[in-house]
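Line by line, the protein sequences give chains V and P.
The opening position of the first sequence corresponds to residue 1 in this note's numbering, with each subsequent residue numbered one higher.
The opening position of the second sequence corresponds to residue 1 in this note's numbering, with each subsequent residue numbered one higher.
None of these hints come from the bench; they were simulated from the model.
No incorrect hints appear here.
Any copy will do: because identical chains look the same in the list, a pair fits if it lies in one copy or spans two.
30 angstroms max Cα-Cα, derived BS3-like pairs, lysine-lysine:
(1) K494 <-> K568
(2) K137 <-> K296
(3) K299 <-> K417
(4) K15 <-> K249
(5) K547 <-> K516
(6) K189 <-> K137
(7) K252 <-> K39
(8) K547 <-> K512
(9) K189 <-> K134
(10) K509 <-> K549
(11) K134 <-> K299
(12) K320 <-> K189
(13) K134 <-> K431
Number of protein chains: 2
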Amino acid sequence: MYDILKTINSPADVKKLNAEQLNALAADIREALFNRLTKFGGHFGPNFGIVETEIAMHYVFDSPRDKFVFDVSHQSYPHKMLTGRKAGYIEDEHFIEDSGYTNPDESEHDLFNVGHTSTSVSLATGLVKARDLKGEKYNVLALIGDGSLSGGEALEGLDFAGSEIHSNLIIIVNDNQQSIAEVHGGLYKNLDELRSTKGKAPNNFFKAFGLDYIYEENGNDIQSMIKVFERVKNIDHPVIVHINTQKGKGYKLAEENREAWHWCMPFDRETGKWHVEFPEETYTSLTTEYILNKAKQDKDFVFITPAMPNLFGLSPDVRKGMGPQYVDTGITEEHAIAFASGVAKAGGKPLVGTAATFIQRTYDQVSQDVCINNNPVTILLNYASLDGLTDVTHLGVFALSAFSNIPNLVVLAPTCKQEYLNMLNWSVDQKEHPVMILIPGNAVTSREADKDFSKLNTYKVEQSGEKVAILALGDFYQKGEELANQIEIQLGFKPTLINPRFANGVDEKLLKDLQKNHSLVITMEDGIIDGGFGQKVANFYSLTDMKVKTYGLKREFYDRYNPAELLKELGMTPEQIISDIKNLLQ
Amino acid sequence: MYDILKTINSPADVKKLNAEQLNALAADIREALFNRLTKFGGHFGPNFGIVETEIAMHYVFDSPRDKFVFDVSHQSYPHKMLTGRKAGYIEDEHFIEDSGYTNPDESEHDLFNVGHTSTSVSLATGLVKARDLKGEKYNVLALIGDGSLSGGEALEGLDFAGSEIHSNLIIIVNDNQQSIAEVHGGLYKNLDELRSTKGKAPNNFFKAFGLDYIYEENGNDIQSMIKVFERVKNIDHPVIVHINTQKGKGYKLAEENREAWHWCMPFDRETGKWHVEFPEETYTSLTTEYILNKAKQDKDFVFITPAMPNLFGLSPDVRKGMGPQYVDTGITEEHAIAFASGVAKAGGKPLVGTAATFIQRTYDQVSQDVCINNNPVTILLNYASLDGLTDVTHLGVFALSAFSNIPNLVVLAPTCKQEYLNMLNWSVDQKEHPVMILIPGNAVTSREADKDFSKLNTYKVEQSGEKVAILALGDFYQKGEELANQIEIQLGFKPTLINPRFANGVDEKLLKDLQKNHSLVITMEDGIIDGGFGQKVANFYSLTDMKVKTYGLKREFYDRYNPAELLKELGMTPEQIISDIKNLLQ
Numbered sequence: 001m002y003d004i005l006k007t008i009n010s011p012a013d014v015k016k017l018n019a020e021q022l023n024a025l026a027a028d029i030r031e032a033l034f035n036r037l038t039k040f041g042g043h044f045g046p047n048f049g050i051v052e053t054e055i056a057m058h059y060v061f062d063s064p065r066d067k068f069v070f071d072v073s074h075q076s077y078p079h080k081m082l083t084g085r086k087a088g089y090i091e092d093e094h095f096i097e098d099s100g101y102t103n104p105d106e107s108e109h110d111l112f113n114v115g116h117t118s119t120s121v122s123l124a125t126g127l128v129k130a131r132d133l134k135g136e137k138y139n140v141l142a143l144i145g146d147g148s149l150s151g152g153e154a155l156e157g158l159d160f161a162g163s164e165i166h167s168n169l170i171i172i173v174n175d176n177q178q179s180i181a182e183v184h185g186g187l188y189k190n191l192d193e194l195r196s197t198k199g200k201a202p203n204n205f206f207k208a209f210g211l212d213y214i215y216e217e218n219g220n221d222i223q224s225m226i227k228v229f230e231r232v233k234n235i236d237h238p239v240i241v242h243i244n245t246q247k248g249k250g251y252k253l254a255e256e257n258r259e260a261w262h263w264c265m266p267f268d269r270e271t272g273k274w275h276v277e278f279p280e281e282t283y284t285s286l287t288t289e290y291i292l293n294k295a296k297q298d299k300d301f302v303f304i305t306p307a308m309p310n311l312f313g314l315s316p317d318v319r320k321g322m323g324p325q326y327v328d329t330g331i332t333e334e335h336a337i338a339f340a341s342g343v344a345k346a347g348g349k350p351l352v353g354t355a356a357t358f359i360q361r362t363y364d365q366v367s368q369d370v371c372i373n374n375n376p377v378t379i380l381l382n383y384a385s386l387d388g389l390t391d392v393t394h395l396g397v398f399a400l401s402a403f404s405n406i407p408n409l410v411v412l413a414p415t416c417k418q419e420y421l422n423m424l425n426w427s428v429d430q431k432e433h434p435v436m437i438l439i440p441g442n443a444v445t446s447r448e449a450d451k452d453f454s455k456l457n458t459y460k461v462e463q464s465g466e467k468v469a470i471l472a473l474g475d476f477y478q479k480g481e482e483l484a485n486q487i488e489i490q491l492g493f494k495p496t497l498i499n500p501r502f503a504n505g506v507d508e509k510l511l512k513d514l515q516k517n518h519s520l521v522i523t524m525e526d527g528i529i530d531g532g533f534g535q536k537v538a539n540f541y542s543l544t545d546m547k548v549k550t551y552g553l554k555r556e557f558y559d560r561y562n563p564a565e566l567l568k569e570l571g572m573t574p575e576q577i578i579s580d581i582k583n584l585l586q
Numbered sequence: 001m002y003d004i005l006k007t008i009n010s011p012a013d014v015k016k017l018n019a020e021q022l023n024a025l026a027a028d029i030r031e032a033l034f035n036r037l038t039k040f041g042g043h044f045g046p047n048f049g050i051v052e053t054e055i056a057m058h059y060v061f062d063s064p065r066d067k068f069v070f071d072v073s074h075q076s077y078p079h080k081m082l083t084g085r086k087a088g089y090i091e092d093e094h095f096i097e098d099s100g101y102t103n104p105d106e107s108e109h110d111l112f113n114v115g116h117t118s119t120s121v122s123l124a125t126g127l128v129k130a131r132d133l134k135g136e137k138y139n140v141l142a143l144i145g146d147g148s149l150s151g152g153e154a155l156e157g158l159d160f161a162g163s164e165i166h167s168n169l170i171i172i173v174n175d176n177q178q179s180i181a182e183v184h185g186g187l188y189k190n191l192d193e194l195r196s197t198k199g200k201a202p203n204n205f206f207k208a209f210g211l212d213y214i215y216e217e218n219g220n221d222i223q224s225m226i227k228v229f230e231r232v233k234n235i236d237h238p239v240i241v242h243i244n245t246q247k248g249k250g251y252k253l254a255e256e257n258r259e260a261w262h263w264c265m266p267f268d269r270e271t272g273k274w275h276v277e278f279p280e281e282t283y284t285s286l287t288t289e290y291i292l293n294k295a296k297q298d299k300d301f302v303f304i305t306p307a308m309p310n311l312f313g314l315s316p317d318v319r320k321g322m323g324p325q326y327v328d329t330g331i332t333e334e335h336a337i338a339f340a341s342g343v344a345k346a347g348g349k350p351l352v353g354t355a356a357t358f359i360q361r362t363y364d365q366v367s368q369d370v371c372i373n374n375n376p377v378t379i380l381l382n383y384a385s386l387d388g389l390t391d392v393t394h395l396g397v398f399a400l401s402a403f404s405n406i407p408n409l410v411v412l413a414p415t416c417k418q419e420y421l422n423m424l425n426w427s428v429d430q431k432e433h434p435v436m437i438l439i440p441g442n443a444v445t446s447r448e449a450d451k452d453f454s455k456l457n458t459y460k461v462e463q464s465g466e467k468v469a470i471l472a473l474g475d476f477y478q479k480g481e482e483l484a485n486q487i488e489i490q491l492g493f494k495p496t497l498i499n500p501r502f503a504n505g506v507d508e509k510l511l512k513d514l515q516k517n518h519s520l521v522i523t524m525e526d527g528i529i530d531g532g533f534g535q536k537v538a539n540f541y542s543l544t545d546m547k548v549k550t551y552g553l554k555r556e557f558y559d560r561y562n563p564a565e566l567l568k569e570l571g572m573t574p575e576q577i578i579s580d581i582k583n584l585l586q
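Next comes chain V alone, as it looks inside the complex:
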């Protein structure tokens, strides 16, 4: 097992291998990928498809002197194995040490910590600039997948590279004819044309940006890739190396269903079945159901996603049934939001869905295209929670702080199934406000909830009490409920429990009323405190005698944390909060 891979401690060892050994190395790497991914999960298709290319990169170029920039970097596993980090793939106890993305803390062969798409070309042009200013000589390579090409940052970068860079830069376009879901956008038609003409089509997307261009059909053949890299090594201007590869290569199921095998949980290699059971009812399943029903009932409704249908349970079959009421814009968050504003302006009912971490791409579009125009766009965010994605590049705990201070935007934080669905219903149908809804990150719970949210910034008192008022926002409501119970049991009085619902508003009347028989207000939010909900409450009371204790996350880039441990570290277990309260009430 791993006979060749075990001999590779650095890229220098790759250069010693003959053609046969290189092929054996590719096989070893795929076995190592299986080992990690069947047991630990991670990005499947992108890594299985890029094995040969990354071997050839290390064979021909000289990292870390030559600089490799991996777009999204979820296709860097083979590169990692070749740069001293094979243990993270072949020794199960070391899985946790490998981040699954390039990470400069792990290795000098990694330049950036990257987890959002479409960044590699711009980052690489920056390396080129500094290299040239310093008069240094080395190759700079950017690897970008075809799915990432549609992102504005990548397109801006290509345009810049095509006219402003006049020295060595090698941009490898890994064309596997697939984004996470199917590709969308006109440029993919041009990639098709280029593939079918072996790069000879006169109309060439890359050349239109002023870039030199080479096509290589055999992206999964190490010798072909070595040849093409030897041709461009030390080139004196930017060049596109457009390579044709197979996503998921080496695993039949993944080759056949590229969307399903983009990313995986631990699974059985024989059957492909994931070793995980999802509960029957999740916020995802509720969302899918809402979307499908709404589309059937209301011809003005349209669900829009920048390449994230899977987050909302919209499998290929299901979305096909929605016809023109389903729009995957491709990886184009900015466009998706502006597009939705246009839909709303012309009387449609747009619901835009993506992950909280990716909506960060659209601060300006949400502010300018949507909110200044006050167009009724609803933005639905998954993983806006510390219980969501825990990789430093995918944290959803900043979304509330980032977006909730945009004027006109109503940010809703539902606390249970009924409230979530009622908020969705209200939001998509109303015509007064842009709305952002934070999907709870915890398990589905059930409670009665209001249906109308048109009276903005009205909190709901779920339990009236005294002394302490708990404002437990969104999916932290359950923590607030538990805390309220514990206070009653341990401290002997009944606190007030409030469901704020509006994550960026202050219910001034209610907060004022609390002053009558409360001396302490506790805010709990599933995000960073800075810029978020609790600080608005603290500010409201800052000239009064009311004490306000704000619970939430610090302004930090957390990475691969355990959510329960993090809460403890932040002093947010019920025991810790009870202890705080005891002290504060004295």
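Following the hints, put chain P in place on chain V, whose structure we already have.
Quick look at chain P alone, frame taken from chain V:
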């Protein structure tokens, strides 16, 4: 004067004119532009160049049934005159009523309030989508200038239109061979090629996105434009109409110096001289001087701007002298930030400059490409002040709230000339932190200042006193100073005056010390309160007896306000604050 223009009360009146009258109308419109711009200022070149096109649009199409979307919308003045708003151009007392951008509150002929570039294609595709879902029939037109094409949002929109829209959409690309400064980016080489071949070049940027394409050389000839619009009217698929126009047409000075005449202050028509005298020393002149000296002294230094050299006094001559140490990326904010991260990673010293309102495009790049990687990029923001641009689409008062809650980012708010230059020097040379510097929005003042800012989040006590502590941030420091004086005069005690310097940090030790002999802390910041500086201070004290009064702007889209009046409305004059303090100290 304005004989024909005076007869135009709606687009229906345009349709009645013969060829000769249409040309006379164009002449009238240019006279009206002169009338407003010589006296009131505004966007010059874009409007002078587009007169004929907008006349033809209204002649051929039927607004508001047909929908026009104007990118940036600073080229919509002729359209405004043709849609019932000529008074804003020919009657001086009505200038103020016209926003200078499309504005749905002004007219049903305006679809969106737009002031950032590169949005029209995406917004228009959204209109198309809703139109088609509703089964309605009308033309949707997007007008986009060539300068705006390089923005990611526009490129994403073109890519989407090229494959996902299968019905009427007319995208007019107004090619005047100029951004605000000269154009940058490979796609402009392709536009050149298309112009020189009259649209026949086989390599075609727009066709590479899958779009149909028509070229019209005579964009400043009404009859040619009528012909081309009649050809595409009611077309059943998306089409690019690439038109060649002359920026600033009709004013020799503007035709010859397109960069200087993009936008103007009131000026003398004969000489072109602006009726405004700038003080000799401004924060702009200080910045220019810093940039030029730094570039001379340090070969690793590079100034990067997404098409905003003018904000930093970098005229064409000056920037030419900087050689490779000056980079205009074109209108590509996202790329500019990622590019800077690459420069920093490879050992360069990047300083990125733009307007506060445009940096909003880069929330994700600042967070992911720069701050997660902790690369020492310095971002320099102009107009991050209520004293900056007052159009609703150009407000800089959100920047602090939007960006200051990103982990690892150090946000500096200088209070005077020395501090500003010292912060610039420190920031560009250090290698530890990404830094954002907010250029003061007021006149230059002078005071001694520290040179080292490596001890983060340390405030500076500028005057020690008692009872009241004033934390006056950045360019509001002068207001704090005045307030401190007035307190001493009117209330008879000496307050403490603090220059926080770090706009997103809390100096815990200092704030704790204040508790000894102060009962009230006042925060003053030049931005919205929500998510900003004062709320962090309020939060710090929220469990103590310290009262905190936060002064700043509300979370609102202010539009064309008078800064002094706004401050009064917000209760921020010294008299109002003194009155607050009297009440609070009782």
